[in-house]
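Asker: Since chain A is already given, all that's left is putting chain B on it; use the hints.
There are 2 protein chains.
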Amino acid sequence: MNDQQAMQAALEEARKGLAEGGIPIGSVLVKDGQIIGRGHNRRVQQNSVVLHAEMDCLENAGRLTAADYRDCTLYSTLSPCDMCSGAALLYGIPRVVIGENVTFMGAEAHMRERGVSLTVLNDAECIELMRSFIADQPTLWNEDIGV
Amino acid sequence: MNDQQAMQAALEEARKGLAEGGIPIGSVLVKDGQIIGRGHNRRVQQNSVVLHAEMDCLENAGRLTAADYRDCTLYSTLSPCDMCSGAALLYGIPRVVIGENVTFMGAEAHMRERGVSLTVLNDAECIELMRSFIADQPTLWNEDIGV
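Respectively, the protein sequence lines represent chains A and B. To convert, note that position 72 of the first sequence is 73 in this note's numbering; the numbers rise steadily by one, no gaps. To convert, note that position 108 of the second sequence is 109 in this note's numbering; the numbers rise steadily by one, no gaps.
Okay, chain A solo, but in the shape it has when bound:
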């Protein structure tokens, strides 16, 4: 599975979230070429303040060993915020692939400083999904990023 394919799976998750009336951000965790966790933002669906897409994905991947995490790449349709970047750092995930950082810039500098390898795709579909959502629901979006 290459980065584009994994990001397509994350985009599917984002679209699922949108169809549920939620915030369209999706994430997958890949180990040895296999998706071992998937998730999407659950703020609306579960009134959750912690289940951003990446967190939901890590939660769904279940309890892994530190050695497992070190073989993982985390994909997110959007640049990971302070919390989600912190989760990647906590578990020592060495690589994060980001769908886009045009509509929101997360804690990329902090992850880089700590040695995480980042790839930013700036995928047109990821950007359009967030642009459209932010235009439709600016208050909900601001709540999700603590603004």
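Keep in mind the hints are simulated off the structure, nothing from the lab. One or more of the hints may lead you astray.
Same chains, same names: a pair is fine if it fits in one copy or spans any two.
Stated by the list, open to error - In the SDA-like style, the derived pairs of lysine to any residue whose C-alpha atoms are separated by at most 20 Å in a straight line are:
1) Lys32 / Val45
2) Lys17 / Ala136
3) Lys32 / Val148
4) Lys17 / Met106
Answerer: Leaving out everything else, chain B in the frame of chain A:
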């Protein structure tokens, strides 16, 4: 409610977690002198990799406005890890009170750099609770901090 009283409430949460067979770390969120959220680590109880004590506390406090978070202090019996520190940063919580940072040092420097006011109590009971737990269950503890 002063810092000592709020930390006692966080310690109650930590002890609840221990009684459930879990990792004894507790947290409360205080706004205008009232506890508006409480939580404890749920790794064992819910097989959760995201519900550290502070995350469980924030989740239980529910969806708040950015203005609400700016009036809050987050208490944790243990120095917040990268993920939990990131959550405090995401939501703009201006002050974090830490029971102890002797058995584990979290992302305190990062929070300080970002303007969070930190108070470290180094409370003897918080230290003893973690010392005893880490001696009893080193593997579980390492899993919780990604080691």
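Asker: Does each hint fit the structure? Answer for all of them.
Answerer: Do the hints match the structure? See the list:
no.	hint	verdict
1	Lys32 / Val45	neither (29 Å within a copy, 23 Å between copies)
2	Lys17 / Ala136	within (19 Å within a copy, 44 Å between copies)
3	Lys32 / Val148	between (34 Å within a copy, 18 Å between copies)
4	Lys17 / Met106	neither (23 Å within a copy, 38 Å between copies)
In this structure, the hints that do not hold are numbers 1 and 4, in rising order.
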